[in-house]
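Numbering-wise, the sequence shown is residues 1 to 1224 according to our numbering.
It is possible that part of the hints are untrue.
Heads up, simulated DSBU-like pairs for lysine-lysine below, C-alpha to C-alpha not over 30 Å straight-line [as the list claims (entries may be wrong)]: (1) Lys565 x Lys576; (2) Lys492 x Lys576; (3) Lys817 x Lys693; (4) Lys208 x Lys197; (5) Lys576 x Lys791; (6) Lys784 x Lys852; (7) Lys208 x Lys360; (8) Lys393 x Lys832; (9) Lys810 x Lys787.
Note that these hints are calculated values from the structure, not bench results.
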Amino acid sequence: MGEVNKGNTAACSNKKQASILSFFKTQNNKIKKENSMKDSNDKPCEEKENSKLDILNNFVCPKIDDNSFGTGKGIDGDVKADLFSNTNTFDGSEKMDNNKNNESVKYENNGYIMDNAEVSTEEDIIVKKKRKIILDSSYDDNYDSDSNDKKKVKGGLVKNQGVDNKLKNLLYDETKKGEDILINNNKESNNKNIDIKYVQRKKVEDNKKSQELDCLRNKFLNLPITLNNDKFRLYIEQYFLYCNSFEFPKWIQPQYIRDTNLNTPDNPNYDSSTIWTPPQDHQWAIEYKQAHYTPGMQQFWKIKSKNFDKIIFFKMGRFYEIFYIDACIMHTICGLNWMNGEQKPHLGFPEQSLHLYAKKVINSGHKVVVIEQMETPKELEQRNKVSSGPKDKAIKREVNEIYTKGTILHDNMLSAETKYIICFHFDDIEDIGDDNTGSQTHCNFGFVVSDVATSYIAVGYCNDDESRIELRTLLAQLCPAEILYCSKNVNKEVLSIFKNIPACPELTSVNSFPNIIASLDEVNKYFENIPKALEAYKEQNSVICAFGGFIVYLRSLLLDKKILKFCKIEFYDLFKKDNYMVLDATALKHLEILETQSGETKNSLYDYVNKTCTNFGARNMRRWVCSPLLNCDKINQRLDVVEFLRKNDHILSLIRLKLKKLPDIERLLNKICIQASQSERGAVFFDNIVNTKLKEFVTFLNAFKEIDNMLIEINSIDNEEDVIPTRLFEITNTYNKSSKNNVKGNYPEIDQITNEFLEKIYFDGEKEYKPAEGCDEAIDAINKKEKDIEKELNNILVDMKRVLKIPTLKFVHAKYKYEIECPDNVPKSFLKEVEITSVKKGFVRIQNEEIKNLVEMLEDIEQEKKDAIYPFFQKIFHLFYEHYEKYVSACRLIAELDCLQAFAYVAVNTSFPLTRPILHFMQSESNKSGDNNYGDDLNCEIEKDGKMDSKNASKEKKPFLILENNIHPVVATLMPNFIPNNIYMGCDKEKETTLLLTGPNMGGKSTLLRQTAISVILAQIGAFVPSTYCELTIVDKIFTRLGSSDNLFEGKSTFLVELEDISNLLKQSTKYSLAILDELGRGTSSFDGTAIALSTLEQISDTIKCRCIFSTHYHLLVEEVKHNTNISNYHMSLSIDDDQEKIIFLYKFIKGICPKSFGIHIAKLAGLPKEIIELAHEKSILFENVTDEFCKIIKYKNIIRSLLKASDDTTLATMFQKYKCEFA
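The task is simple: from the sequences and hints, build the whole structure.
Structural data, given as C-alpha cells:
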C-alpha cells in the first residue's frame, strides 16, 4: 500500500543519471580513438546491435507510442509477466475473497517515488527536465525492489534484472575498459566496435519525440477551456508530466478525450466535468481489458465519466485506491508512494485514513467522490446464486459521499470556524428602453447561506448598487468556504469579486438554476408548507431561484435528505438594519474586525475578545462582532452579566472550567439528526462504525448532563451582595423557575429526556457501546440466538474436559475464533478426530466440525446485528428529533453564556483600564432615504449615573460621544506604553460633532481613528471599553476610509476606490452614524484632492451632521473651513528639537491646528540621501510660500463674503472692527 514518502530517492536517481552520462562521454572518446585505428570495412554485427537496443531501451529512450507498455518492448519477459501478474486485482470479488481470511491487504512500500516539487507550467524546459527525471526514476523504481532482492515469476525465483542491476554494470570503473563494462549483461557479445552513430541516432529520435510531446502539450495549454478552467489545466499538466512513466488508456489521453456528449476540448460546449468512456464491446475496451478495463475498473470508469473534475477514492477491500490523473494529483498533494509493479498511475491508503487525506485534497481546491463497497463477498455470492442472468464478478460499489469545501460534515475534517456555502442568484437583465440601446444588469440579488455542519440555512435579498457594497459586506461577514452560482447569471465584475476574496473560497459554477416554477416544485418536494422565510420573499424571484439551485446542488452531493429534512429556514438577520449596526465590507477590513490587513485572525478585534472555551461559542462570537446591537435594553442586559461575572470571579472560573470540557455540541446535534435518516445498512465498513455512532450520541448526552450540573452549581452559589442579572438568570434557569423580579428562565427542561436516552445505550466500561437490553426486540432476539450458540460452545468445552479429563482446557481466539487450547500430550487418537488449527509451545489448538459450524453461525449473527442496528438508530434518533428544538435552544443559550464569560474574562485579565459604557437611545426619525425608521422598539431606558442625565438626554437631539483616556485595545496589548487620549464629540467639552484632524505622518492619526470606531463597536456588542469613561448615543452605521488600497483585478485605482467609499457614506449615512476618514483625496492631484475633501467635509458637517473625525494633510483645507462653526480643528501633538533637527511624537490628541506635516523630518527617519532631503527642503519652503499667499486670498475672500452678508450698518461696523487687524 502506498504510504507517505520517508526517503528521498530522487537524489539517488540523479546520481544514476550522472553515472550514465559520464559513461557515454568516456565511451564516446574511446570509440572515436578505436575507429581511427580499425579497418573501415569492419561493422558491428547484428547481435551487437540487438544487445545495445535491449540496454538502451530501458533507460535512454522514453516510449511515447500508444502501446509502449502493452507490447513490453525493452522489458524482460519475466519482468513483463510480473508486471501483469497483479492486473486481476481490480476485480473486486477476487480481491475481497483474498481478504476474506486475512483481515488486511498488504502492499509493498517500494514503488515509483518522485520528487514532489511543484511543476512550473510556464517554463517548458523545466517540464522537459522533470519528465526526463521522472522517466529515469520510474524505470529505476519499477524494476528495483528495496525490500525484496528476488521476485516470484512464473512459479520460480529469478534475480531482479531491473535498471539498478544494469547500472551497477554500467557505472564507469577506471580499472575496466568501456567494452568490458557494456558486455557484463551479455557475455557472448563483443563490444569492441560499438557504433556511436547508433547512440546518436537514438538521442535524435528521443529529442524528436520529446518535441512532439511538447508541441501537443502547448497546443492543449492554449485552448480556451484550459485557460479558463483550472481543473482541466491541471489534468493537461499532470498527463504530460507522467505520460512517459505510466500507461494511460486512449480515452483519457488529451488527443482522444471527449465529454459524454462527444465534444472535444476545443468545442465551446465541451463539459470538463464529464469524460466519455468506451462501452464493453468497444475495441479500446477489449484492447485495454487486462489492466484498464477489468470488471472492477469498469465500475470506476462508469462513475469517473460523470465526475471527471473530481478526485475518486475507490474502495477495494480495506483500502481506498486512486488511479490515473487523480493518483498523479494525490501523489503531489499527499506524498503517497506509487503502487509497486503497476503500469498505470496507482496509489492508495487504508480505510481509517479517509478523512485525513480527503481533508488535504479538499484544502488544495479539489472535490472528492468516495466510492464504497455496498456488499460483502458472501452477499455477492448469494446474489449471483439467485440471479438468472450473467453473474457479476465484482462487488457492487456506489457513490457514498461527495466532499466539497463548503459541505463537510465530519468533525475531524472541520476546524472551529464555520464553513459557509453561499448560493447567489442575481436579478435578471432588463432592457433600458427605446431611447437607449443595450441592457442594464441589475445589482440586486437573492442568496442562500448555509452551514451544512449544523444544518443552518438562511435566505436574504439585497438591494445593491454599482459599487457592490452589499455583496462585499456579505462576503466579508461570512468568509465563505464555497460559493455556488449560475455561470449565465453572473457577470465578469461579480466573478472578479468572487475570485479575489482573501479566504479563497471554492467557486462552484453550474450551467443553469431552476426557474421560479421549477424552484417552487423543488421546495414542495422537501417541505409540506413553504417555510415562512421563503414565503416572505415569494415576490423576489432571485431568492426562490437561489434556493431551488441550492436544493439541486445538495441533491447532487447526496446531502438533500440529510440536511433539508431537519433544517429550519431562517432570515439572514445580519442585514436587519433595525436590529444591528451596519458594518460594511470596507469597515470590517479597515478596522481589522475579523482579520488583519495581512489576512490573519491573530491581532484582530475578534481575536482580542474571543476568549471563549468552546468551538460553538467562538462561532457565535464572530457573529456578535460583525453585528453590534442597536437596542439599549439588550446591550445593557449583556453588560449586566459581564459586570456580575467580573466581580464574582469564582463563578467565572467555574463556568470556564465546565465549558472547556464540552465537545462541539452544535455540530454533534446535527450529526445525530442526520443519522436518523439512515434506516438500513449502506456501505460496508471494516471499522466498528456502529460503536462510533453510539459513542458520539452518548458523548452528546453526557455533555448536557455536565451543562445541567454547571447550571445547578451557578444557581446554588449564595451571593447576597449582588442579585443575579436578568439575562444570566434566563440562561441558567428553566421555564418553571422565576426570579425575585418575576423573570422566568429560558433554558429548556431536558435533563429527564437526556437520562432516558442514556438508559437506552449500554457501555461495557472499556470501549464498546451497544443498545441496552429491552430497547429493541429484533436486536434482543439476535442477542438471544448468539447467547444460545455460545452456550452450546461452552457445553462442547465441558464435554471435552470430561472426556479427556483435562480441566485446564479453554477457548482462545488466536488464528480463528473459539479454538480449544489443550496440552500437546493429548492422545493421538483424539487428535485424529479433530483439526489442529494452530500450535503454541507445549500446546495445540483444535476445532471439530461442530465448533466450526457454530462459529460460522456466529459470524452470520454478527452480520445480522450490524444490519439490525440501523433500524434501531432510526428509531432512537427519531425519538430524539421530537426534542430537537429544545436542544437547539439549549445550544444557543450556552453559546451566549460562553461569549459573555469571554467578555468578563477579558475585563478581568487586561492590564489597561476598561470601563462599562453608558448608552443612550436614538430618537425615532426618518431621513431622506427612509432607512432610519427605527420605531418604538429601539426606545430604552437611559442610564441615570452618566454625565448626561435622563432629563437632559431626552431633550438632547445631537448625538454625542465621550471617550476619556481611550486606547486601542489590540495595539495596547502589544505595546504596554500606549498613550491614551480623550475624544469628545457633541458634548459639553466639544459641542461640534465634526473634528478636522491634522498632524505629522507617524503621529498616530490612523490609530486614533481606528480606536474610536473599535470602542463604539465594543460598547454595542456588550463588552467593556478600553477607557476610563465612555458614554455615547447609539451608532447605527460606521463608515471608514482608511489607508490606500487599489483593486487591480477589477481595474479600479486607489482614488476610484476612495470615491466609491465616500459615495456610499454620503448616500447611506444618518446623523446617528460614525464616519472615520483618513486623508481623503490623496490619490489625485493636490487641488482636486483638496476640492473633493472640502466638499465632502462640508456635506458631512453642514447637512448630514453625523459624528465624524476627518484627518488630512491639506492645509488649504484647514484654512478654508477655519470659520465653519460646525467643524473643530484638532491635531496630534509633537515636540521639535531645532538643534538636532528632530521631531518627537507625543501621540496626544489636542485642540488646534498643526502648522505643517513635517514630511522632511520623516524623510530623514527613513534614511533618504542627504542631497535629496536638502533639495526637498528648498522646494518645500518655496511651495509653502505660495500656499501661504493662496491661504491669505482664501481668508480675505471669506472675510469679504461675511461683510457682504451684514444686515445693517451697525453689524457691518462691528464686523469691520473685528477683521480690521486681518488687513493690517
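Status of the hints after comparison with the structure:
1. Lys565 x Lys576: Measuring from Cα to Cα gives roughly 27 Å; hence the hint holds.
2. Lys492 x Lys576: 29 Å, holds
3. Lys817 x Lys693: The given pair, whose Cα atoms are some 26 Å apart, holds under the 30 Å limit.
4. Lys208 x Lys197: 16 Å, holds
5. Lys576 x Lys791: 68 Å, violated
6. Lys784 x Lys852: Holds, because 20 Å separates the two Cα atoms, which is no more than 30 Å.
7. Lys208 x Lys360: 39 Å, violated
8. Lys393 x Lys832: It is violated: about 39 Å lies between the C-alpha atoms, which goes past 30 Å.
9. Lys810 x Lys787: 18 Å, holds
The earlier numbered hints that this structure contradicts are 5, 7, 8.
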